[in-house]
Amino acid sequence: MQLSGRKRATAVAVAVVGGLLGGAAVGPPTALADPSPAAPAAPGTDPATGTTPAQGTPQGASPAAGLATGPAADPIAAPQGPPVWPRPQSLTADRSREVPLGSEAVLVVPLTGADPHAVEVIRTALRAAGVTTLREQHPYVPLPARGTVFRIQGADAEAALQALGAGTSEDLPAGGYRLAVGRDGGRDTVALAGFGEDGLFHGAQTLRQLLAGARGKVPGAVVRDWPAAPVRGITEGFYGEPWTLEQRLAQLDFMGRTKQNRFLLAPGDDVFRQARWREDYPEAQREEFRRLAERAAANRVTLGWAVAPGQSMCLSSAADRKALQRKLEAMWELGFRSFQLQFQDVSYTEWGCSADRQRYGKGPAAAARAHAEVAGELAAGLAREHPGAAPLSLMPTEYYQEGATAYRTALATALDGRVEVAWTGVGVLPRTITGRELAAARTAFGHPLVTMDNYPVNDWEPGRIYLGAYTGREAAVANGSAGLLAHAAQQGTLSRIPLFTAADFAWNPRGYRPGASWEAAVAELAGGDARVREALAALAGNTASSALGQPESAYLQPLMDEFWRARGTGDRAALDRAADRLRAAFTVMREARGRLGEELGREAGPWLDRLAQYGTAGELAVDTLRAQARGEGAAAWRAYLALGQARTATAGPGATVGQGVLDPFLTKVTAEADAWTGAALPAAGPVSRESGSWTLRLDRARPVSAVTVMTDPLTPAVRGASVEAHIPGEGWRKLGEAAGSGWTQAEATGLTADAVRLVWAGEAPAVRALVPWFADGPQARFELGDGGRADAEIGGRPQRVAAELSPLRPGEVRGSLSAKPPQGIKVEVPAQTTVPRGTAVAVPVEVTVPEGTPAGVYEVPVSFGGESRTLTVRAFPRTGGPDLAKTATASSSGDETPDFPASAAVDGRADTRWSSPAEDGAWWQAELAAPVRLGQLVLHWQDAYPTEYRVETSADGTTWRTAATVADARGGRASVRMDAPDTRFVRLVCDVRATEYGCSLWSAEAYAVIP
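Going by the working numbering, the sequence shown opens with residue 1, and the numbers climb by one from there.
All the pointers check out, no bait thrown in.
Taking CB as the label site, the calculated pair distances span:
(1) A406 - T889: 29 to 39 angstroms
(2) A842 - G130: 53 to 63 angstroms
(3) T947 - P664: 15 to 25 angstroms
(4) S868 - R702: 18 to 28 angstroms
(5) Q162 - G130: 28 to 38 angstroms
(6) E828 - G660: 30 to 40 angstroms
(7) T405 - G167: 38 to 48 angstroms
(8) D571 - E927: 50 to 60 angstroms
(9) R702 - A967: 30 to 40 angstroms
(10) E996 - A439: 23 to 33 angstroms
(11) A406 - R286: 36 to 46 angstroms
Calculated pairs, EDC-like style, for lysine to aspartate or glutamate (alpha carbon to alpha carbon, straight line, at most 20 angstroms):
(12) K322 - D280
(13) K217 - E98
(14) K886 - D907
(15) K322 - E279
(16) K734 - D754
(17) K217 - D94
(18) K886 - E952
(19) K826 - E851
(20) K322 - E377
Calculated from the structure, these hints are not laboratory results.
Even glycine gets a Cβ: it sits at the ideal position worked out from N, Cα and C.
Starting from the given sequences, assemble the full structure and let the hints guide the process.
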């Protein structure tokens, strides 16, 4: 959407932040399935189930069924047929109905009533499927003896469809179609009929896809299908260089294939639709528009044009109104058949002429009346000159605000009933658009709404491209909007990935599956080349995140997790398998530019270059840690040095990929590598750099087992470099020669030294680090997870706490973890633990509190390798029974807005929540139906959560006592245990907020102690 200059950047930035943690009700993220390394999985999943099911899964009801239009969808069941996109409302497939498709076919088309563009799509598809002899004839002419019969439109097609079980067209809305395959009248038959002007074209696109995977057979499908949104399409409205004619023509072909029917031309820097709106376009551009209109008609796309006169127009001027009408007529002559009048972001106080101030006055309501008058006059002119033309739409000044306002109320009253109103949802780029928000906006405007979604446009953040699936929009947005237009990015070809998914959603929102749609979009754009598809999926997978909430680099995350898990086990074979998979994924990233064609390479150039840099860094990261795991110090050091150079390249300004995933992975790899080499260890003493030596002096004489020296690779000018240790009472003793690779580990077992050094003759080497490994002190760092605390039910299931071990030796460390629990507490640990060099290992410590143990706090000493820690076990009585919060009365110290009341945390709904004002100390409480011995709260925090909070209980709501305190909270789901008798009131006090927002709670559950 066009916003001017600084205002545009500010508005979108606010929208992004507000969408992430603001008023929209957003559920928690879901996990993704583990993909193959060379074929990234979709960066989006079904919001209801957290999965990406295969085509053929029945769908549930729309979240806002009251806004639904069209017939009820039949269950989708196509487990055997090839996928069709957009996903049909109803598709069933039966192999017994398949018909052969050889080199001959018969195409039966009536003399009139069949869309010629649809028929041409079918002809082309049949030839592509291997038909070399295609006989075309009209109905009721004797059929040739050979060839599968394709009956298209007309009475004979209707009879065949009914015979093949496709039903009638009585309940189909405009744009719908029926298609059936099977035997009819003794012949192998495919029948297709559309309803409305473009129904047959939509059916032809489905048949095209069925034939594309035919391989000598047409799948035995029966399809009944129709669009949910009557208008589905794309806006070209970004700032910057507009698309070329060829790009627009290609986009129209894409729109035809994906059953979209509206292309709104509104380039952000087009002066002939803004400041110079009175003037005609130059002749060369007018000729391009004529060609564009021809291609649009061939793809059943209505070409639209938006004019934004702003304050260059005197709204009350009859001459200016006539000039505007003339401009629309001129555009009509060029082939445009839909128009939008835009008044976004104009001033309420500054008019284009003094006459406007005199006629309308000032303020929001005055502006609304003026906008309504101009729009009404334009709409009347269109209806008069072009009966049946698409309705005029108006982009009002307040297109993203929420609820009724003075401007919106005045506009609703004065605007001609034929005019539709455009909006973007609540916010310029909202994370979600709900059915309730759509209904509220429709009520506020009093007119049908065209939803103009500002995704995946990126002109406000040119360093990003947004190639994730279309998400966060309830089905009612498609079902209840007069139109749904996605705002394309300047990178038109790349935009087709998210635009494909938006088209899929707009056609069938109930059947929409973001993940499967995204994979299909990548495959469609890539064509049949698997290597291109892998590269494109890697690019899109690492540029998937946006304000809509899609996860970034989602396909890499399970590969990284597998790699870290395998590294921690010490299982070399498992590590090699995981490393191979992860490295292969990084290789695809590095090779992506070379795999993609010229057009994609030109559009995605900066992002492909950055992706290649991260791919190279990722390969080196895996190589570094794998070589270390094998004990190959020199190879690991070479890879580590190269990794440092690669990371420097990724840190430069420019395109962004893998945000929040790739850099943290490389940072962790660097830290792990430094732990292995010893570079991460605290400095053992001061360093002195002198001519011919680099010396580390220890604070005291200590037993040393080895010395590691790391330098840049030694040049021939560095002569006689060696590692030495200073032995008290003896002097310097040579431990070994320095390796030319730059990696040297010299053994020093049995020596006690008070200094170590690197000496050389000639040119000085570039020393990175000198690390003495001591034989005294603990073998490993040792910490207990979860803050060294474990909450366990008496007589309940075991609880696990991780003992986190990090070795402090130049090799693997072996030992036993030991625990000495007090009476009444049972602790189990592994009999033997091996910690590989430089690798942090989490060892499970299992705690059980047997039946009969008194409630209370118990301390358990836990030791490993000379280090000891205390595990605090809090034993609580068992809880159970019904959720007491369901019958409780909730209240709070204050609600952020009436949309987020205290009661929302106990209303049993997954899409509502309580949210407090943005202040520390806010509280939420529940009055239980009766006093209980309260034992547990289960809390589900939203993204705005407290890092520290208390649970207080009371018998009377006046005198309170602290029942539990939580520090270092991380949000999400939290179980808080306590033993609080005589509790009628329970209160959560948010002492310290984790974000700048308030505290927000999806739900709270309360359980009593079991007697």
